[in-house]
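Peer 1: Sequence:
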Amino acid sequence: MLYIFNFNLKEYKVMEYQKFIKENEKTMVEHAPKGWKYMGTYFYVLGFGPYTAAQFWEISDYADFDTFRNHEDPTWLKLMERSMEFGTPEPTPAWLLREAGDTKITEPKKKP
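Mapping the sequence shown onto the working numbering, position 71 (from 1) lands on 71, and the numbers just tick up by one.
Keep in mind that the hints were calculated from the coordinates and are not lab data.
It should be emphasised that the depicted structure is a prediction, and the values quoted were computed from it without experimental measurement.
It cannot be assumed that every hint is accurate.
As the list claims (entries may be wrong) - When the alpha-carbon atoms are kept at most 30 Å apart in a straight line, the in silico DSBU-like pairs for lysine-lysine are as follows:
id	residue 1	residue 2
1	K19	K78
2	K78	K13
3	K10	K37
4	K37	K26
5	K10	K26
6	K78	K37
7	K13	K26
8	K13	K37
9	K19	K34
All chains, please: the whole structure from these sequences, using the hints.
Peer 2: Shown next, in the form of C-alpha cells:
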C-alpha cells in the first residue's frame with residue numbers, strides 16, 4: 001500500500017526544511033518503523049497541489065500503523081519531533097492507496 005502524508009510548511013521555512021530532509025533522509029530510512037519503506041518527500045510545485053509537500057511511504061498492511069504508533073527508536077522520534085517544527089498546525093488529509101489487483105471490491109447486486 002502507498003501512504004501519502006500531506007502537510008504544509010511554515011512561511012519562510014521551506015528552504016530550511018528542504019535542507020533538513022536532504023541531510024536526514026538516510027537516517028529516516030535506517031530508523032523507520034519495521035514495515036515502513038520511505039519513498040521520498042516531495043514538494044507540490046507551480047500550484048499543482050493543495051499543500052506544500054507530501055511524504056510517500058510503502059507499507060504492507062494496516063497493522064503497520066500500529067507498528068508506527070508504537071515505534072520508540074530515539075533517533076526516529078528526534079527526527080519526527082524536529083520535522084514537526086517546520087509544519088503548520090492545521091490537520092491535512094493523508095491518503096492510503098492499495099494496488100488495484102490487491103483491493104477487495106464489493107458492489108451491490110444488479111437489480112433485474
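Peer 1: For the pair supplied as a hint, K19 and K78, is the alpha-carbon distance within the 30 Å limit?
Peer 2: Holds, at about 16 Å.
Peer 1: Is the hinted pair K37 and K26 satisfied, with a Cα-Cα distance of at most 30 Å?
Peer 2: Distance ~12 Å between K37 and K26 Cα, so the pair holds.
Peer 1: Holds or violated: K10 and K37, Cα atoms, limit 30 Å.
Peer 2: Holds, because 26 Å separates the two Cα atoms, which is no more than 30 Å.
Peer 1: Does the structure keep K78 and K13 at a Cα separation of 30 Å or less?
Peer 2: holds, 18 Å
Peer 1: Given the hinted pair K13 and K37, is their Cα-Cα distance within 30 Å?
Peer 2: Cα-Cα ~26 Å, so holds.
Peer 1: Between the alpha carbons of K19 and K34, is the straight-line distance 30 Å or under?
Peer 2: holds, 26 Å
Peer 1: Taking only the CA atoms, is the gap from K10 to K26 under or equal to 30 Å?
Peer 2: holds, 24 Å
Peer 1: Can you confirm whether the C-alpha distance between K78 and K37 stays at or below 30 Å?
Peer 2: holds, 18 Å
Peer 1: Mind checking the alpha carbons of K13 and K26 for me, to see if they're no more than 30 Å apart?
Peer 2: holds, 21 Å
Going through the hint list in order, the structure satisfies each hint without exception.
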